[in-house]
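Chain by chain, the residues run as shown.
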Amino acid sequence: MASETISNKLDRLGRQGYPQSASVEVTARCNAQCEYCYLKDVSFKELSTQELCAAILKLSDNGVYHLHCTGGEPFLRPDILTVLSFAMENGILACTLFTNGTLLSQEHLDFLTQHKDFFRTVQMSVFSHDPMINDSYFGVKGALETVVKNALFLQENGLRAIIALTICDFNLETMEETRRFLESRGLSVALAYFKTVTGPRLRRVLAQSNTYDFFKRYLLNLRPEEIERDKQRMKESLAKPPQLDAEMCFGRWNAVFMNAQGDLAPCISFRNVNLGNVLEERSLRDILQQAPDYHSICSIRKRDMKKCVQCKFYNFCIICLGNIHTENNSLCGLDDQMCNYAQALFDLTY
Amino acid sequence: MSYSINSDLSFKDIGGELFIYNRKNSTIYSFNGTGVFIWNGLRENVPVDHIACRLCEEYDVTAAEAQTDVSEFVKKISDNGLVSFAME
Chain F
1 MASETISNKL
11 DRLGRQGYPQ
21 SASVEVTARC
31 NAQCEYCYLK
41 DVSFKELSTQ
51 ELCAAILKLS
61 DNGVYHLHCT
71 GGEPFLRPDI
81 LTVLSFAMEN
91 GILACTLFTN
101 GTLLSQEHLD
111 FLTQHKDFFR
121 TVQMSVFSHD
131 PMINDSYFGV
141 KGALETVVKN
151 ALFLQENGLR
161 AIIALTICDF
171 NLETMEETRR
181 FLESRGLSVA
191 LAYFKTVTGP
201 RLRRVLAQSN
211 TYDFFKRYLL
221 NLRPEEIERD
231 KQRMKESLAK
241 PPQLDAEMCF
251 GRWNAVFMNA
261 QGDLAPCISF
271 RNVNLGNVLE
281 ERSLRDILQQ
291 APDYHSICSI
301 RKRDMKKCVQ
311 CKFYNFCIIC
321 LGNIHTENNS
331 LCGLDDQMCN
341 YAQALFDLTY
Chain R
351 MSYSINSDLS
361 FKDIGGELFI
371 YNRKNSTIYS
381 FNGTGVFIWN
391 GLRENVPVDH
401 IACRLCEEYD
411 VTAAEAQTDV
421 SEFVKKISDN
431 GLVSFAME
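As they're listed, the protein sequences go chains F and R.
Going by this note's numbering, the first residue of the first sequence is number 1, and it counts up by one from there.
Going by this note's numbering, the first residue of the second sequence is number 351, and it counts up by one from there.
No lab work stands behind these hints, which were simulated from the structure alone.
Remember, it's a predicted structure, so these values are computed and weren't measured experimentally.
Some hints could be false.
Straight line, CA to CA, 35 Å or less: simulated DSBU-like cross-link-like pairs of lysine-lysine [claimed, not checked]: (1) 426/R / 58/F; (2) 425/R / 9/F; (3) 58/F / 362/R; (4) 9/F / 216/F.
Turn these sequences into a full structure, and let the hints steer you where they fit.
Given below as structure tokens:
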């Protein structure tokens, strides 16, 4: 009998209701005011320390070993170190931490470096190398200086710090300069250009940041090797016959998302799906397995995307089902960002 | 041959199956069939030769086959840094 590979095994267990990674929104509150953020309505009661620990224990007992700790801003919670210590002591083996990087105290930094094997990556945010632009978009005075200082401290002490540079229309033309500014200080930069769109407010805010023109300008601002890599992927995808059975995105079965109230969804992009609450008496496996939405979302394949089947970019696109579902309240629709991105890249390639 | 299990490893039960996670390089491992059997023996500090004997008893394999299985497995986990072996 052929041996089952590790990824097949994890995939099989995921399909049986044992996801191995969880994105946990420990709070929806944030000290920053980034316009593109999908979290704005935070007028609800978030989980207490005890509830959050109980939720993490339930996730861990059900097989989750990798926690993606996100917010809001996690370090707004005064109990964040208690919660992370609890996770560490209760079967969570690795954590990727998403923070805007402005609220880390020396105590926080020391805690992270003391547990550098646990914290796989700490991701922080920067929008511009120009402090005026950066800090005014952030809405936090001194943000750039603080984030760079904290990221460097972590990196110098053995952690992997990544700066997420979210590209919007206002920083598109300066993204290369900002990258060079950060890289010259020894920091790694990840470009973020797709965004989670939730409702009319964000559609308005991002009106200029998701268009064909935006993505064309974005691609023209990439480094030569990056644009060549993307063009190559486009060419390869067009040369293949349609991969009808391809699944929509990676890891849907292997991951789960929990918001600050404990409500569960397949991933962070599904802002209006509620599979159940983690604190219900049912096991996590039962909650997932008994939720009809979970099965329909996780089982969908590319051939089911009726509007995409005839499109030449069929093989190329990695469609965000979460964005489609959040926008349309169903899985019938298009991921406009991906459509615009693919068309812009195609036009630059041919 | 004495051995010690790497102290950077953590263990995780996912759906009743054992996974091994190396905290130093963030890699996850899992074993199939006889691999689980041999690994459990190692975790109980059973001498390698005895594990091969146990394998003979548990599975319908000859002593030579069991010895080969154990040797190959031991080499693989040693190459992956899960266990360190020292010749006595």
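Structure versus earlier hints - violations, ascending order: Violated hint (a single one): 4; every other hint is consistent with the structure.
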